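Protein chains: 2
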Amino acid sequence: MKKIKIKNLTKQEFAPYGDVIEADEKTDYMLINNGKTKRFHDLARVSALGTNARIAISIFRSKPFSLPYRLDFMERHPYGSQAFMPMSLARFLVIVADDENGKAGEPKAFLAKEGQGVNYYPNIWHGALVALDKETDFLVVDREGVEKNLELYDFEDAYWIEE
Amino acid sequence: MKKIKIKNLTKQEFAPYGDVIEADEKTDYMLINNGKTKRFHDLARVSALGTNARIAISIFRSKPFSLPYRLDFMERHPYGSQAFMPMSLARFLVIVADDENGKAGEPKAFLAKEGQGVNYYPNIWHGALVALDKETDFLVVDREGVEKNLELYDFEDAYWIEE
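Read top to bottom, the protein sequences are chains A and B.
Just so we're aligned: 120 in this note's numbering is position 120 of the first sequence, and the numbers increase by one with no gaps anywhere.
Just so we're aligned: 1 in this note's numbering is position 1 of the second sequence, and the numbers increase by one with no gaps anywhere.
These aren't lab readings, by the way, just hints derived from the structure by calculation.
Be a bit skeptical, because a hint or two may be false.
For identical chains, the list gives no copy identity; a pair is met inside one copy or between any two copies.
Unchecked claim - Okay, derived cross-link-like pairs now, PhoX-like style, lysine-lysine, Cα gap no bigger than 20 Å in a straight line:
1) K148 / K103
2) K38 / K26
3) K2 / K113
4) K36 / K134
5) K113 / K26
6) K5 / K63
7) K11 / K103
8) K63 / K26
9) K148 / K3
10) K103 / K3
11) K11 / K148
12) K148 / K134
Computed from a predicted model, the values in this text were never measured in an experiment.
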C-alpha cells in the first residue's frame with residue numbers, strides 16, 4: 001500500500017480544497033462589544049445548492065483513530081460545502097484529493113492543530129472525519145436539501161496515512 | 001439595580017428565543033463513517049434574510065467576564081439567526097429578553113455548560129457575548145447581507161446578572 005505523509009495544515013496549501021477556519025491574530029479583525037471581543041470575520045465560503053437547499057448546523061461525535069490511518073475511500077458533496085470545527089481543543093486529520101475524471105486522485109493529508117477547523121468546498125473529495133486524540137465533538141455546518149448530496153469513491157488499493 | 005438570577009440552559013426554556021445546540025445521547029442520532037461517528041443532525045434553525053443574504057462562519061475571541069455581570073444593553077439582528085459554539089470546553093452566559101414594543105423587556109439569564117452552544121433566532125433581544133472561565137474562542141454562524149443587521153437597546157437602569 002502507498003504511504004502518504006501528513007503535513008501541517010496551512011491556508012495556502014489547502015486553498016484549492018476549502019478554507020482553514022482559524023483565528024489568526026496577524027490578520028484583520030474587528031473589535032466589538034466594547035473591545036472585549038475580537039471578531040475574525042467571514043472565514044469560510046459556505047454554500048448550499050439545489051432544491052430547497054439550506055444551511056444546517058449539526059454535531060458529529062467521532063471516536064478517535066490512531067496513526068497510521070488506513071484510507072480506503074473518499075467522499076464528496078456536490079451540493080454544498082461542509083465545515084468542521086472541534087468543540088474542544090483537539091487535533092484532527094484532514095484528507096483531500098483532486099478529482100481525476102470522477103475519481104479521487106492521490107490523497108493529501110494535513111494535520112489540523114488545536115484551534116483549526118476546515119470548510120470543504122462543494123464537490124471536493126475528502127476523507128471521512130478522523131479525530132485523533134480522543135473522542136471529539138465537532139460543530140458541522142453543511143447543506144440540507146432535496147438532491148442526494150453524497151458520492152463515495154473506493155480506492156482499489158488503500159493508502160496508509162502516516163506521520 | 002435589579003438583580004437577575006442565572007438558570008441552567010435548557011432547550012425547553014430557551015425554545016422561544018432560539019436553539020440549544022448540544023449532543024444529547026438520549027435524542028436520535030445517525031451512525032455514520034462505519035459506526036465511528038454519531039451525527040446529531042440539524043440542531044439549529046439557521047436563517048439569512050434580506051438582499052444578497054448568506055450564511056457566514058466567523059470566530060469571536062472573547063475576554064472573560066466575572067460574575068455578577070452588569071448588563072447595560074441588549075442587541076438583536078432582524079435579518080438573521082446567530083449561533084455561538086465554544087471551540088474549547090467552556091461555559092458562557094446567555095441572556096435574552098422578550099420584546100416589549102420595540103424595547104428589550106426584563107432579561108432572562110442562562111448558563112451554557114461545557115458542550116452547549118446556542119442559536120438566537122432573528123430579532124430576538126440578547127446580550128453581547130459573555131465568556132466566563134477564560135478567554136474563549138467561539139465559532140459563530142450568522143448572516144451577511146446588505147441591510148443593517150444590528151439594533152441596540154440601552155436599559156435605563158442596568159441589571160446585575162448573578163448566580
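Consistency of the hints with the structure:
Taking CA atoms no more than 20 Å apart as the test, K148 paired with K103 passes inside one copy only; the shortest distance there is 18 Å, against 44 Å between copies. Taking the closest pair of Cα atoms, K38 and K26 come within 20 Å of each other only inside a single copy of the chain (12 Å); across copies the shortest separation is 36 Å, beyond that limit. For the homomeric pair K2 and K113, neither the shortest alpha-carbon distance inside one copy (25 Å) nor that between copies (44 Å) is at most 20 Å. In this assembly of identical chains, K36 and K134 lie within 20 Å of each other by CA distance solely across copies; the values are 12 Å between and 32 Å within a copy.
For the homomeric pair K113 and K26, the shortest alpha-carbon distance inside one copy (17 Å) is at most 20 Å, but the shortest distance between copies (31 Å) is not. With identical chains, the CA atoms of K5 and K63 are never at most 20 Å apart, being 22 Å at best within one copy and 38 Å at best between copies. For the identical chains of this complex, K11 and K103 are neighbours neither inside a copy (24 Å) nor across copies (43 Å), given an alpha-carbon limit of 20 Å. For the identical chains of this complex, K63 and K26 are inter-copy neighbours only, at 18 Å across copies versus 33 Å inside a copy, given an alpha-carbon limit of 20 Å.
Taking the closest pair of Cα atoms, K148 and K3 never come within 20 Å of each other, the shortest separation being 32 Å inside a single copy and 51 Å across copies. Within a single copy, K103 and K3 get their C-alpha atoms as close as 19 Å, which meets the 20 Å cut-off; across copies the closest is 62 Å, which misses it. Within a single copy, K11 and K148 get their C-alpha atoms no closer than 29 Å, and across copies no closer than 30 Å, so neither meets the 20 Å cut-off. Proximity of K148 to K134 under the C-alpha cut-off of 20 Å is found in neither arrangement, the shortest distances being 31 Å within a copy and 42 Å between copies.
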